[in-house]
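Participant: Protein chains in written order, with this note's numbering: chain A, 1 to 299; chain B, 1 to 423.
A few of these clues could be false.
[As the list claims (entries may be wrong)] Dumping the calculated SDA-like pairs for lysine to any residue here, alpha-carbon to alpha-carbon at most 25 Å:
| # | chain 1 | residue 1 | chain 2 | residue 2 |
| --- | --- | --- | --- | --- |
| 1 | A | 211 | B | 331 |
| 2 | B | 308 | A | 211 |
| 3 | B | 308 | A | 188 |
| 4 | A | 79 | B | 307 |
| 5 | A | 18 | B | 364 |
| 6 | A | 211 | B | 247 |
| 7 | A | 211 | A | 173 |
| 8 | B | 308 | A | 46 |
| 9 | A | 18 | A | 52 |
| 10 | B | 247 | A | 25 |
| 11 | B | 308 | A | 205 |
| 12 | A | 144 | A | 173 |
| 13 | A | 18 | B | 44 |
| 14 | A | 18 | B | 331 |
| 15 | A | 18 | B | 247 |
| 16 | A | 172 | A | 156 |
| 17 | B | 247 | B | 213 |
| 18 | A | 18 | B | 365 |
| 19 | B | 308 | A | 72 |
| 20 | A | 18 | B | 400 |
| 21 | A | 211 | B | 306 |
| 22 | B | 213 | B | 360 |
| 23 | A | 211 | A | 224 |
| 24 | A | 211 | A | 188 |
Hints are computed from structural coordinates only; laboratory data are not their basis.
Note that the structure is a prediction, hence the values are computed from the model and not measured.
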Amino acid sequence: MNELRELARSLLTSGSVKVVIGYENVEATRWPEEGPRGVRPSFVTDPAQADRLVFDARCVQNLAAYLNPRRQHLVGIGKAAVVVKGCDARAVAGLVREGQLRREDVILIGVRCGGVVRDPTLGPGLTDEDVSDRCGGCEDREPKLFDHVVGALPPPPPSSTRRADALARLQKMTAVERWTFWKESLSRCVRCYACREICPMCFCVQCIADKNRPQWLDSSPTTRGNVAWHMTRALHQAGRCVDCLECERACPEGIPLGLLGRHVAQVVERRFGYRASADPTVPAPLGVYRTDDEEEFIV
Amino acid sequence: MTRAILTESDVAKLVADLVGAGTRVIAPVPAGPDWEQTEYRPIERLEEAVLDGPLPRRSLKEFFRPSQRQDDGSALPPQVILGARPCDAAGAETLDNVMGWDYRDELWRARRVATTVVSIACRRVESSCFCGALGIGPDSTRGADAILVPLDLTAGPPPSRRRITEQLRRCVDMFLIDSQPFPGAAELQIADEVASAQPRSAMRWAARAVTLKGAALLRGRGAPFTDPADLDRAGTVVRTARDLVAKNVDTLRLRRRRARLDREAEARLGLMAADGGELIDGSAGFEASGVTRLPEWLAQNHDHELWKTLSPRCRSCGNCSAVCSTSPCFDVDEHDAEARRRRAAKPATDGGRGAARAPRPMQTEQFRQRVMHKFSIHPRRFHEVLCTGCGRCSRACEGGMNLPEILGRLVQLAEPEPGRIAT
Numbered sequence: 001m002n003e004l005r006e007l008a009r010s011l012l013t014s015g016s017v018k019v020v021i022g023y024e025n026v027e028a029t030r031w032p033e034e035g036p037r038g039v040r041p042s043f044v045t046d047p048a049q050a051d052r053l054v055f056d057a058r059c060v061q062n063l064a065a066y067l068n069p070r071r072q073h074l075v076g077i078g079k080a081a082v083v084v085k086g087c088d089a090r091a092v093a094g095l096v097r098e099g100q101l102r103r104e105d106v107i108l109i110g111v112r113c114g115g116v117v118r119d120p121t122l123g124p125g126l127t128d129e130d131v132s133d134r135c136g137g138c139e140d141r142e143p144k145l146f147d148h149v150v151g152a153l154p155p156p157p158p159s160s161t162r163r164a165d166a167l168a169r170l171q172k173m174t175a176v177e178r179w180t181f182w183k184e185s186l187s188r189c190v191r192c193y194a195c196r197e198i199c200p201m202c203f204c205v206q207c208i209a210d211k212n213r214p215q216w217l218d219s220s221p222t223t224r225g226n227v228a229w230h231m232t233r234a235l236h237q238a239g240r241c242v243d244c245l246e247c248e249r250a251c252p253e254g255i256p257l258g259l260l261g262r263h264v265a266q267v268v269e270r271r272f273g274y275r276a277s278a279d280p281t282v283p284a285p286l287g288v289y290r291t292d293d294e295e296e297f298i299v
Numbered sequence: 001m002t003r004a005i006l007t008e009s010d011v012a013k014l015v016a017d018l019v020g021a022g023t024r025v026i027a028p029v030p031a032g033p034d035w036e037q038t039e040y041r042p043i044e045r046l047e048e049a050v051l052d053g054p055l056p057r058r059s060l061k062e063f064f065r066p067s068q069r070q071d072d073g074s075a076l077p078p079q080v081i082l083g084a085r086p087c088d089a090a091g092a093e094t095l096d097n098v099m100g101w102d103y104r105d106e107l108w109r110a111r112r113v114a115t116t117v118v119s120i121a122c123r124r125v126e127s128s129c130f131c132g133a134l135g136i137g138p139d140s141t142r143g144a145d146a147i148l149v150p151l152d153l154t155a156g157p158p159p160s161r162r163r164i165t166e167q168l169r170r171c172v173d174m175f176l177i178d179s180q181p182f183p184g185a186a187e188l189q190i191a192d193e194v195a196s197a198q199p200r201s202a203m204r205w206a207a208r209a210v211t212l213k214g215a216a217l218l219r220g221r222g223a224p225f226t227d228p229a230d231l232d233r234a235g236t237v238v239r240t241a242r243d244l245v246a247k248n249v250d251t252l253r254l255r256r257r258r259a260r261l262d263r264e265a266e267a268r269l270g271l272m273a274a275d276g277g278e279l280i281d282g283s284a285g286f287e288a289s290g291v292t293r294l295p296e297w298l299a300q301n302h303d304h305e306l307w308k309t310l311s312p313r314c315r316s317c318g319n320c321s322a323v324c325s326t327s328p329c330f331d332v333d334e335h336d337a338e339a340r341r342r343r344a345a346k347p348a349t350d351g352g353r354g355a356a357r358a359p360r361p362m363q364t365e366q367f368r369q370r371v372m373h374k375f376s377i378h379p380r381r382f383h384e385v386l387c388t389g390c391g392r393c394s395r396a397c398e399g400g401m402n403l404p405e406i407l408g409r410l411v412q413l414a415e416p417e418p419g420r421i422a423t
C-alpha cells in the first residue's frame, strides 16, 4: 500500500499527472466507530492526499470506466494515472484498440491482485461466498499492461465455480427452457440503462437505444423491448466485453447480465480464438475483416 | 383520533381481513441476493412481511406511479401499505405537489386516493439516514394515514434473521428450472430454523390514526390504550431512534446545533397522551435547521467552483434517482398508439434527448442539477426540499457518491460557523 501511495505522490509532485484515480475507504463521514464501509473510487489531485489510496480485495470497481471518453469532466482535469487490476487493464487495452484513448495519455499503475469481492462493502477477507464471479479462472492476477506495477502477488482467491456452474446449467437447457429463463430475467428490466452507463466499453456517442429515427428498439420496458436491448448490447460487446461485471453490479433489478456476456465471450473464443486481450495491438474480431473468416451461416 | 395497542395477531388479522376483502396489501418482504434486504411487495399474510427489517431497497413511489407497463389506471383495487417507512410516506406526500401542480396527474391522484398508508416508526436507524436534517424524523407522520410505534426496542425476530417465505421459494424454483436447490438453500434453511427456534417476544405497537382513512382502518382493532407504561415504552423507542438520527445528522455536519428532544418536549410527549391528545408528535425535536439557507445559496452559486469537484466518481447510472423516494422523473414512451411511463433519471443522465441533444453532457452538470432540483428549484416553488433523507441514493450508488456528505459541505458553505466567512 505504501508503495502505491509513494508512487502516486511522486507522480503528482513531479507533475507527470494531474490526478490519480484509485480507491479510498468510505469512512468517517457517518459512523466513525464502525470503521470503513467499503471502498469507492478516489480522485487524488493533491500529493498530500495520496495517503487516502488503498488497495485490497474490496476494490472491485473497474476504474478503466473513468477513462471512457464520455467522462468529459475528468478529461478536463488533465492527464490521469489509474490504478488497474490485470482484468481492468484489458478494458484500457480495449479503449486504446478502438481509438477512444491514446496509450500515452494515461499512466497505468498495475496492481497485483488476489481476487476481489462481489460488492465493495464486503471483505476484505475473501470467502467462497464473497468472491466475485469475475475471479473464477482468472489469468490476469499479474498485470500485463502497465507503466508501473506495485505490490506483491497475494495468494490466489478461493476458486468459485458458481458462475461456471450456472452457465453450464443454462447451456444444457433446451432452447425453450433457456428462453423461459431469459424472458423471466429480462422482463424485470426497467430500461434505466445503468448497465450501459457504467460500462467501460460502452462509449457510443449515440446509443442505438436512444435512436428514434428510425426507432430500432422498443424503448419502453416490455419483455419484447428488453430482450431486444440486451441481445443487441450483448452482440455489440462480443469480443469486447472484458467481463468486469460492472453491469451486473449496477443493475437495480439484479439481472444476471454476466451470464449473457460470458456466454458470448465463450462463443467468440471458440469461433475466433480470441479473448479480450490486454495487448491493444491485437485486433479484436468485431473490428477486423478477414477473408478466411468462417461464413457458413451466410449461405 | 383512534388510538389502540396492536399485537402481532391483531395485525395478522388486519392483513387477513383486508386481503379477504380484495384489498391489495403491500409490505416490506425479504429481497436481494441473500434475502437480507427488503422491498415493498404485495403480501397475502403477515408472516411474509418483515416489518422491522432494514430500509426497503426502493421507495413507495412505484405503487403510485407504476414504473413500467402501460398505466391505464382503470380497475384500481384499494391498497393498503403496511409498514411504510416515515421517510417514504413523507416522500409520497411531497410528490403530490409536483403531480398536482400545473398539470394535475389523475392517475397518480387516483392511486393516492385508493391507498391507505400505515407507517411504522423506525426502531433501526441506518448509518445513511438523515431525515432529521430535513424536518422529519423516524416517527414522522407526514403522508401517513396511521402510524404504528413499536413498544419495545428488542422484541420481535432477531434483526439479521434470514428467512425465505413460500412465495420467494416458488420464485426461486421457477428461475432454476431444473429444480436443483439454489446455491446456499440448505444454509438458509438452517439459519431460518435456528432463527425461528430462538425465543422471541411478540411485537406490540401503539397505533394512532392520523387521517380519517387511517381511523377507518384501525376502528375496532386491538386493545384500548390504557396502560401508562406503554406510553413510556413508545417514548423510549422514539427517543432512541431520534438520538441515532441526530447523531447521523451531527456527524454529517448537516446542522450546527444538536436539536435533541429537550426535557420540555419529552414532558409534552407524556402529557399529550395523558390528557387525551396526540400520542406521538410527528416531528417534535427536529427542525429543518440545516437547509434553510441552502435554496438561496444554491440559486446564487450556480457557477461555484465547487461543482467541478463534487462528482468525479459519478458514472450517470441513474440508480440514485431510481431508488429516490421523491424523484418525480419519468420518461414517456409512445408505442402502438399507447403512451407508457417509464421510471427514468433522464435529467440526471446524458440521455433526455428531445429535439436537441443532451442538455447536460457532463457528470458535474448532471449532479449539480440533481442537487439544484432537490434543494433549490423545488423548494423555491413549493417551500420544502425535495428530499426526505432516506439515504437510499448513497446506498445505491455504484461509485460511492454520498449525497448527505456533499450536502454537509454545501450547508457549511451556505450557513457558515459564526466567525467564519462563506467562500
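Participant: Taking the hints in turn, state whether each one holds.
Facilitator: Comparing the hints with the structure gives:
1. A:211 to B:331: Judged against 25 Å, a Cα distance of about 15 Å means the pair holds.
2. B:308 to A:211: violated, 30 Å
3. B:308 to A:188: Since the Cα atoms of residue 308 (chain B) and residue 188 (chain A) sit roughly 35 Å apart, the hinted pair is violated (cutoff 25 Å).
4. A:79 to B:307: With Cα atoms ~20 Å apart, residue 79 (chain A) and residue 307 (chain B) stay inside 25 Å; holds.
5. A:18 to B:364: Measuring from Cα to Cα gives roughly 18 Å; hence the hint holds.
6. A:211 to B:247: violated, 48 Å
7. A:211 to A:173: violated, 35 Å
8. B:308 to A:46: holds, 15 Å
9. A:18 to A:52: holds, 16 Å
10. B:247 to A:25: holds, 21 Å
11. B:308 to A:205: Roughly 22 Å separates the two Cα atoms, so the pair holds.
12. A:144 to A:173: violated, 37 Å
13. A:18 to B:44: Violated, at roughly 58 Å.
14. A:18 to B:331: violated, 38 Å
15. A:18 to B:247: With a Cα-Cα distance of about 37 Å, the restraint between residue 18 (chain A) and residue 247 (chain B) is violated, given a limit of 25 Å.
16. A:172 to A:156: Distance ~30 Å between residue 172 (chain A) and residue 156 (chain A) Cα, so the pair is violated.
17. B:247 to B:213: violated, 34 Å
18. A:18 to B:365: holds, 21 Å
19. B:308 to A:72: holds, 11 Å
20. A:18 to B:400: Satisfied, since the Cα-Cα distance of roughly 22 Å is no more than 25 Å.
21. A:211 to B:306: It is violated: about 34 Å lies between the C-alpha atoms, which goes past 25 Å.
22. B:213 to B:360: violated, 43 Å
23. A:211 to A:224: The hint holds at about 17 Å.
24. A:211 to A:188: holds, 22 Å
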